[in-house]
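Chain by chain, the residues run as shown.
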Amino acid sequence: MLHPILFFVFATLCVAAAVNLLAQKHPINSALSLIVVMVSLSVLYLLLGAEFVAAVQVIVYAGAIMVLFIFVIMLLNAGEEEHTHGSRVALLLGLPAVSLFAGLMVWVLGRRPGGAHLGEFLGPTKEIAHLLFRDFLLPFEVTSVLILIAIMGAVVLARREP
Amino acid sequence: MDWTTYILVSVIKIVITLVVLLTAVAYTVLLERKLVARIQNRWGPTRVGPFGLLQPLADGLKFILKEDLVPANVYKPLFIAAPMMSMAVALMSIAVIPIGESVTLPWLGVKTPLQITDVNIGLLFLLGVGSLSVYGIALAGWSSNSKYPLLGSLRASAQMVSYELSLGVALIGVVLIAGTLSLREIVDAQSGAWLGLVPKWNIFRGQIVGFFVFLTAAFAETNRIPFDLPESETELVAGYHTEYSSMKFAMFFIAEYTHMVTVGCVATLLFFGGWHGPSFGPEILRALLPVFWFVLKVFLFLFLYIWIRGTLPRFRYDQLMAFGWKFLLPLAIANVLVTGLAVALGA
Numbered sequence: 007m008l009h010p011i012l013f014f015v016f017a018t019l020c021v022a023a024a025v026n027l028l029a030q031k032h033p034i035n036s037a038l039s040l041i042v043v044m045v046s047l048s049v050l051y052l053l054l055g056a057e058f059v060a061a062v063q064v065i066v067y068a069g070a071i072m073v074l075f076i077f078v079i080m081l082l083n084a085g086e087e088e089h090t091h092g093s094r095v096a097l098l099l100g101l102p103a104v105s106l107f108a109g110l111m112v113w114v115l116g117r118r119p120g121g122a123h124l125g126e127f128l129g130p131t132k133e134i135a136h137l138l139f140r141d142f143l144l145p146f147e148v149t150s151v152l153i154l155i156a157i158m159g160a161v162v163l164a165r166r167e168p
Numbered sequence: 002m003d004w005t006t007y008i009l010v011s012v013i014k015i016v017i018t019l020v021v022l023l024t025a026v027a028y029t030v031l032l033e034r035k036l037v038a039r040i041q042n043r044w045g046p047t048r049v050g051p052f053g054l055l056q057p058l059a060d061g062l063k064f065i066l067k068e069d070l071v072p073a074n075v076y077k078p079l080f081i082a083a084p085m086m087s088m089a090v091a092l093m094s095i096a097v098i099p100i101g102e103s104v105t106l107p108w109l110g111v112k113t114p115l116q117i118t119d120v121n122i123g124l125l126f127l128l129g130v131g132s133l134s135v136y137g138i139a140l141a142g143w144s145s146n147s148k149y150p151l152l153g154s155l156r157a158s159a160q161m162v163s164y165e166l167s168l169g170v171a172l173i174g175v176v177l178i179a180g181t182l183s184l185r186e187i188v189d190a191q192s193g194a195w196l197g198l199v200p201k202w203n204i205f206r207g208q209i210v211g212f213f214v215f216l217t218a219a220f221a222e223t224n225r226i227p228f229d230l231p232e233s234e235t236e237l238v239a240g241y242h243t244e245y246s247s248m249k250f251a252m253f254f255i256a257e258y259t260h261m262v263t264v265g266c267v268a269t270l271l272f273f274g275g276w277h278g279p280s281f282g283p284e285i286l287r288a289l290l291p292v293f294w295f296v297l298k299v300f301l302f303l304f305l306y307i308w309i310r311g312t313l314p315r316f317r318y319d320q321l322m323a324f325g326w327k328f329l330l331p332l333a334i335a336n337v338l339v340t341g342l343a344v345a346l347g348a
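Line by line, the protein sequences are chains V and G. Counting in the working numbering, the first sequence runs from 7 upward without gaps. Counting in the working numbering, the second sequence runs from 2 upward without gaps.
Honestly, I wouldn't trust all of these hints.
Claimed, not checked - Computed beta-carbon distance windows for the label pairs: (1) V114/V - E102/G: 49 to 59 Å; (2) L106/V - W4/G: 14 to 24 Å; (3) I155/V - L70/G: 48 to 58 Å; (4) E102/G - G55/V: 25 to 35 Å; (5) Q30/V - V199/G: 50 to 60 Å; (6) L143/V - M85/G: 36 to 46 Å; (7) I71/V - L70/G: 45 to 55 Å; (8) H9/V - G180/G: 51 to 61 Å; (9) R43/G - Q30/V: 49 to 59 Å; (10) E68/G - E167/V: 52 to 62 Å; (11) G116/V - E102/G: 45 to 55 Å; (12) A70/V - M85/G: 20 to 30 Å; (13) V162/V - V210/G: 42 to 52 Å; (14) R165/V - W44/G: 47 to 57 Å.
Stated by the list, open to error - Okay, derived cross-link-like pairs now, DSS-like style, lysine-lysine, Cα gap no bigger than 30 Å in a straight line: (15) K77/G - K63/G; (16) K148/G - K63/G; (17) K148/G - K201/G; (18) K63/G - K31/V; (19) K148/G - K77/G; (20) K77/G - K14/G; (21) K132/V - K67/G; (22) K77/G - K31/V; (23) K77/G - K67/G; (24) K201/G - K132/V; (25) K14/G - K148/G.
Note that these hints are calculated values from the structure, not bench results. We put the beta carbon where it would ideally sit given N, CA and C, even for glycine.
Assemble the whole structure, with the sequences as input and the hints as a guide.
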């Protein structure tokens with residue numbers, strides 16, 4: 007009973023915030039809309055039963071990455087942006103792509119309404135921990151080293167020559 | 002339990018929790034004024050009510066009746082939204098905090114835990130909500146369009162992002178010992194005592210380093226002295242809330258003190274055995290004592306907060322950053338490694 011209501015509320019919120027993200031002129035409003043998108047996505051994950059993914063979505067995206075976005079906008083004191091008159095490439099490529107996507111959606115939804123269902127793996131925290139730290143330990147650690155190298159690269163690039 | 006009863010029970014619990022929490026917040030402010038006054042050899046508020054006990058009421062009235070100024074050059078939508086965000090996020094985290102075992106509600110006959118909702122990722126929920134609390138402060142400073150608030154909120158963002166890391170890593174030790182992220186199960190894992198004397202609280206199970214890292218990082222997260230650089234009066238007027246007045250200012254105030262209460266609750270739950278304590282006497286006393294122990298422990302943490310405020314001077318900004326990254330974080334990681342080794346050897 008409660009699940010469909012919550013789904014429609016947060017799905018609408020998510021899409022509305024995503025549209026608002028594009029429509030806003032001020033970068034800080036766009037960044038805030040993106041936070042709303044992230045948080046509503048995490049509620050959608052929660053409704054699917056993936057509570058760990060939902061929490062990590064909020065902690066990492068809304069709590070860390072978006073804070074950095076806002077921090078940079080504040081630090082640069084970025085003002086309102088001017089809207090351009092649109093580019094010809096976007097018109098030529100974008101319109102067919104959008105109509106193709108819309109047609110595809112209509113076709114899929116019309117063919118088999120409500121045909122989607124969840125897989126077996128629901129993603130409780132313990133299962134994810136077993137996957138990350140036992141079955142896929144090496145790829146997981148290699149990924150962290152990769153991120154560390156990227157950070158060090160950024161530090162080296164940003165360093166001022168004495 | 003059908004869903005109408007579920008909603009009714011939830012609403013009852015939410016209303017009770019909010020009323021108790023906001024009253025506690027108001028009286029924490031009074032406690033702070035009284036204690037700091039005594040530390041500085043003064044009396045503190047004494048005029049309103051006996052011992053100044055009605056002072057929070059007078060303060061609240063004053064906040065409501067003051068003129069609500071909005072300066073001319075602020076970015077209005079965010080200037081108004083920022084204090085609301087701050088307070089909403091602060092109040093949200095209390096939803097997952099358990100304060101005792103379950104009770105059966107009279108009239109409805111429903112057995113319900115003493116907690117608004119029991120989620121099995123309670124700890125992650127707290128960290129997630131805590132990580133959102135930076136937005137209220139950051140946006141308040143930015144939308145004020147004035148130099149001191151901007152400096153204050155820049156400091157706040159950098160400080161909170163840095164110390165959040167140590168805060169999260171410090172809690173991993175507790176999670177390793179308990180093997181769960183549910184706050185209720187973490188407390189249950191701390192029941193009992195060795196030789197009937199030393200309670201099996203996490204602080205006595207080798208988490209003392211984790212506790213101090215957590216406490217230090219939590220002080221920084223709540224922007225309290227000695228980490229209150231975002232609002233340091235001596236250099237930044239009042240930091241991020243310089244341009245705020247009336248109820249909007251009160252919302253930041255409520256948010257800060259709510260965060261203090263939450264940190265007290267979390268420290269009690271994770272390191273000091275939650276509501277566990279000696280239980281004796283008739284049945285009614287046995288039912289009430291756990292809640293009393295919980296409240297007592299949280300009170301001690303609030304006392305500690307105020308005591309430290311009355312004792313320590315403020316850090317310099319570079320000291321704050323160096324302390325967070327070069328000392329606290331390595332210590333937290335070392336705590337995780339040692340606890341992990343101990344758990345692995347014990348298992």
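Checklist entry - Quick one: are E102/G and G55/V within 25 to 35 Å, going by C-beta? => result holds, 27 Å
Checklist entry - Taking 49 to 59 Å as the hint, is the beta-carbon distance of R43/G and Q30/V inside that range? => result With Cβ atoms ~50 Å apart, the hint holds.
Next on the checklist: Within 42 to 52 Å: is that where the Cβ-Cβ distance between V162/V and V210/G falls?
Outcome noted: violated, 33 Å
Checklist entry - Does the Cβ-Cβ separation between H9/V and G180/G fall within 51 to 61 Å? => result Given a distance of about 29 Å, which is not inside 51 to 61 Å, the answer is violated.
Checklist entry - Does the Cβ pair G116/V, E102/G satisfy 45 to 55 Å? => result holds, 53 Å
Item to check | Cβ distance range 45 to 55 Å for I71/V and L70/G, holds or violated | outcome: Cβ of I71/V to Cβ of L70/G: about 35 Å, so the range 45 to 55 Å is violated.
Checklist entry - CA of K77/G to CA of K31/V, is that 30 Å or under? => result OK: K77/G and K31/V at ~15 Å, within 30 Å.
Item to check | 14 to 24 Å as the expected CB spacing between W4/G and L106/V, which holds or is violated | outcome: violated, 42 Å
Next on the checklist: 48 to 58 Å was suggested as the range; check whether the CB atoms of I155/V and L70/G agree with it.
Outcome noted: holds, 51 Å
Item to check | Given hint K201/G paired with K148/G - CA-CA distance at most 30 Å | outcome: violated, 50 Å
Checklist entry - Is the distance from the Cβ of A70/V to the Cβ of M85/G consistent with 20 to 30 Å? => result holds, 23 Å
Item to check | Satisfaction of hint between K63/G and K148/G, Cα-Cα up to 30 Å | outcome: holds, 28 Å
The structure fails to meet hints 2, 7, 8, 13, 17, 18, 20, 21, 25 from the earlier list, while all remaining hints are met.
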